[in-house]
Amino acid sequence: MSLKEKWNSLTANEKMMIGLAIILVILIATRFEYIWDQVKAGFARYFNR
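Residue numbers (the working numbering): 1 to 49.
If you are wondering where the hints come from, they were derived from the structure by calculation, not from laboratory data.
Errors might be hidden in some of the hints.
Claimed, not checked - Per label pair, the in silico range of CB-to-CB distance:
id	residue 1	residue 2	range
1	R45	N8	45 to 51 Å
2	M16	R45	34 to 40 Å
3	R45	T11	42 to 48 Å
4	E14	Q38	29 to 35 Å
5	M16	D37	29 to 35 Å
Positions of the beta carbon are idealized from the N, C-alpha and C atoms, including for glycine.
Given these sequences and hints, build the entire structure.
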């Protein structure tokens, strides 16, 4: 089964979920530096007690 055939066999809801997942990954990638700084600060607060 080719990728195009697989895509055409998906329902509208499945296509929407794939689209939302792609958008989420793009949004995370554009804000990754801020997110990473927050993760580091959170671990530092937790483990430096």
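Structure-inconsistent hints, enumerated in ascending order
No numbers; nothing is violated.
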